[in-house]
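S.K.: Here are the chains, one letter per residue:
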Amino acid sequence: MSLELHDVTVRYRQTHDGGEHVLLALDHVNLALRPGSVTALVGESGCGKTTLAKVIMGLLPDNAMQSGTVLLDGEPLPLSDENAMNKLRWRRVAMVFQNGGAGLHPIHTVLDQLVEPMRTHLGLPPEAAELRARRLLEQAGLPWNIAIRHPHELSGGQAQRCFLAMALALDPDYLLLDEPTSALDPGTRAFLLGRLRELRNEGKGILLITHDLGSTASLADDTKVMYLGNIMEEVAGSLLTKEARHPYSRGLVRAFPGMFATRELGGLRGEPLLRITHAHAPSEASHHHADTGVEHAPADGCLFLPRCTQACPDCASGKIALTGTPGSGLRCVRGGIVPFLELKNIRKRYTSAFALHDIQLRVMAGETFCLVGETGSGKSTLAKIVAGELEADSGTALLDGSPLDYKRRRRQLAAKIGFVAQNPLLAVSPRLTVFDIAAEPLRIQFPDLPRFELERQVLAGFCEVRLPGTPDFLKLYAHELNAGALQRLCIARALMTRPALLVADEPTSSLDPSVQAKILRMLLELQTERGLTMLFVTHDFGVARKIADHIGVMHDGRLVETGTTRQILTHPTHGHTRFLLSCARGGNTQGE
Amino acid sequence: MRLFTRMTWMPALSAYLLTALALVYASFALPRLLPGDAFIAMYGGGHVAMEAQEEAKIRASARYNAASESFTQYLGRLGRLDWGTSTAYETPVFGLIMHALPWTLLLMGTAHLLSLGLGFILGVEAAWRYDSVPDRLLTSVMTFLEGIPELGSGVLLLLVFALWLGWFPAAGGETVYSGLSPWERTLDILHHLVLPLATLVLAYLPGNALLSRAAMLMTLRQPFMLTAAAKGLPPWRRRYAHAARCALLPVVTRLGLRLAGMLTGVLVVESIHSYPGLGTLLFQAVSLRDLPLISGIALFSSLGVLTVALTLERTYQYLDPRLKQQRVTLHAC
Amino acid sequence: MPAESFSLRRDPWFLFAAIVGGTLLLAATAGPFLAPYDPYDISFTVLEAPSAKHWLGVNDGGMDIFSELLTALRNTIMFGLLAGMAGTGLAVFAGVFSALRQGVTGLMLMRLADMLLAIPSIMPLVLLAALFQPPPSLMALALALFLWAGPSRLINAQARMLVTAPHILAARQMGGSLWYLLRRHLVPEIYPIALIVLASRLRAAMFMEASLAFLGLMDPARKSLGSMIGYGLKYYFLDIWSNWLLPPIVCLSLLIMSATLLAMRMEKRMDPRLQNLS
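Chains as they are written, first to last, in this note's numbering: chain H, 861 to 1452; chain B, 3 to 335; chain Z, 527 to 804.
Simulated from the structure, these hints should not be mistaken for laboratory data. Note that the Cβ used here is the ideal one computed from N, Cα and C, for glycine as well. Among the hints, erroneous ones may be present.
[Said to hold, decoys possible] Some chain H residues near chain B, calculated using beta-carbon distances under 8 Å:
id : residue
1  : 917
2  : 919
3  : 946
4  : 947
5  : 948
6  : 949
7  : 955
8  : 957
9  : 964
10 : 966
11 : 967
12 : 981
Take these sequences, add in the hints, and give me the full structure.
M.R.: See below:
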């Protein structure tokens, strides 16, 4: 007993002024909806989620071409026989649309609309139908006097509840919901999710199409992430928000303003694309959709490539398959988000007591890892080792899979790693102008670079950190800048070679909170746009909370605890972590 | 009228009453505005030679000549159904009107019903089969017919079907003095009704069909139509109970808007086919310069149209429940 | 509106209407020069059949039908233009004015329009014609007093939307006078609708003229397509349908059809949601 989609592909024929083209909406999608479970389907608009629902209901428009099979309890849907399809619709599978009010008929009363499927499908006499409608409204938490009203007299929440009641009129086995909680007030949303939970427990198979990752977290038995008609990741239950493996999923999770999110809102770079095939238009050559200027998705290789920040050459060709066990698949050439920095058994000994004992660390690509600890815990030392300023006594370090070997490959590594020191005034030469300070990394890496090119890159870099690019500013000396500008200059310098990893040692500790906020936001933006991985050292848990994906707590040269930000903040295991947190919270005037 | 303005302090009924009052006043005051002698004005310009005797009779019976009657007296007289006496027929105007009225009602009523019903269904079905051959054919034919005035089509129908083919009578509402049984009489009346009815229907149908089609096309795109499909409802139910029900609204509104203007056409058609309704009566009254009858018919038909418009508005409120909240909908759902 | 007019140029119905209407207009303007005889000349053989001398034959009064036709065409079109343009002008004025002055005057104006809309225009015109026998130009203006009511609400609705439009408010904030606003913003945005209104008023006016003439309410000596049909109909039993009845019917139909089509197609191009005016 299940609702299954096998290899379902849907294409739309579209015409526009330039000619005709074919839009690929679903690409060999496999999905199984089982009774007594909730499957969530998440993704940005236009990724094919609604098309999927329409495929199941058999409601694709005339210009759609469908292939693949949909099996309802083992039997394929009788798509060619409208009468047979009509018998199945609403009885076996019902659908709740986004914005229930618009989906309701404006002139029929609520009662009429509730009763209509019962009269049509079951032939119930009016009294029996009305009785049943009464019960449905009750279950939807609505008073009986709603029945004689018309949709325009209802609030958004009431309309959505009416729609749900209407969908349950024939007690279908499967329920498809398309964005049921968007634009709903919190009360109705909570009620709706609770109701869905009840329905799931009654044995219904529910497909929940949604942006609302919060609802998937609380409700879904398994979640599928869709992008441009392909399923990118499958996760069991509520794990998506905790550990997203695909870069796309991570972007979605970062963008969602959930109640338990700690990090600032992030996102995905770029816009969703269109999968156009067989275009017969002159504009095809420029790969831009004639009407909307939206780019075409790549025809070969990974669909997510244009927006991915950790792409490698292998991603550009071939068909990428969904790999992994059923229920936890992943469609990524690199196997999901890759570890970018890996430290194993790092040890360091000073002649004094300072030491680092067996540090194991992993920073995933495009992520921020915060090292938190008190002064003297060894965090700066570790950062400096990663940046190449100090050398570890033993242990291995890998940067994007290759060894972090400063002895032999310092110059190459310097281009990939940027370092921002704690004290900006000391980190820059008092003799050099602002321009020269910023241009230094470029001069080292590319000594033959012409002056105008240097200028161009410096100015572009300054633009990113919101520093002025006026000639007067460029001629200033370091001591003539205020602390915020100086630190921004250092950050600009660190990012000048467009490194993949930024190591920052308490870069904002000496700054005003307002300046610190701006800089941190800017760094996060760079992370979204360029996939910048960050190793950020700080003693301030508040800052770590706002920017970190993972936190590592250091004490006396040991990494005592690591985990996701949420884990560390809500369920710290190590005593020292708890101590640090209580200090942070106790001293906080806002009193968390 | 509440469809269009949001003035709540002047309910629809009182607006209609005001208009009715204005009309009555106009029919009262206009003849009195004539410079000098009304008699000269009516008969002076035409090629009518009159004997002194006739002139005296007319002058005597012409109440409009006496400047003594006040507006309230006039109103009272109208209320007592004394609308004056026809100078040409020497019978009370009201009686003449009542005699001709049923014919006009029969003609107009059936014409509107047929053209609304048929036009609506044609429009709905065409929209359902959008861009197919029948749809495009219907749209072209209707667009073409929309431009032919009743004057033209009426004469053509008369020529072709009454004079050449002889299938239908060329004039009259029924065969007079024929002593037919009630059933035969009904058939006879219907037989006479066909040509004028066909003319009017040809004039009204295209507009209704085209508007229904347009309204239906708009309605079909709405989200609730997808819901209806998802509910597994049979096609005819979706088409009529869901979509057409919405498309009906602008068609009915338009009927109300154009009602007054359509009267001209009815007059013309009745004259062409010599159909014994108010139109022909008016036509004859004009040619006979029968002022009391002319103003009586003018006032009566104006008031009649007002009443129908008011009733139509009440129907509209029933058809579209959203209007209870004073939201204007000139469009479909 | 360049996009709309571009597709209008390719619209077969619109082209047809424009060509036919234009031709008839030309014929009407050139009427006095094209007509072989004086239409009032009653010296010809009564009811003579069409011949090389009289293309459409002679009517019962001894007048050449072809010359009559051209004059009648001219009269109908002139009447239509006068009433149509006056009606459109009044509608635009009333609509815009009541949108700009949204106080009591504005509301009163729209109320007046409502009332006028409910009155069948033929009746007051019949009374007017019977009592005062005014010249056609006055009849046309009297008709215009009824024609403006319907479209004025539409224009009012559009104008009201415009008046609160941010770009207009911006112009006002920048110091633009009422006259400036009208000239630079309101008129250019209203004139497409005004064109549609004009076409539909033309249709209504010509239709009314023909009907009034047919019913004998205009000056009997005046030539009109309606009166030609009226007179011709009296002799239906004779073989005059092709030369006396058909020509004015065809001309009238083509006139009305062109005006209708122009209005319909312009409306369709402009805004599919616009209410059907004709």
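S.K.: Mind listing which of the numbered hints don't hold for this structure, in increasing order?
M.R.: none
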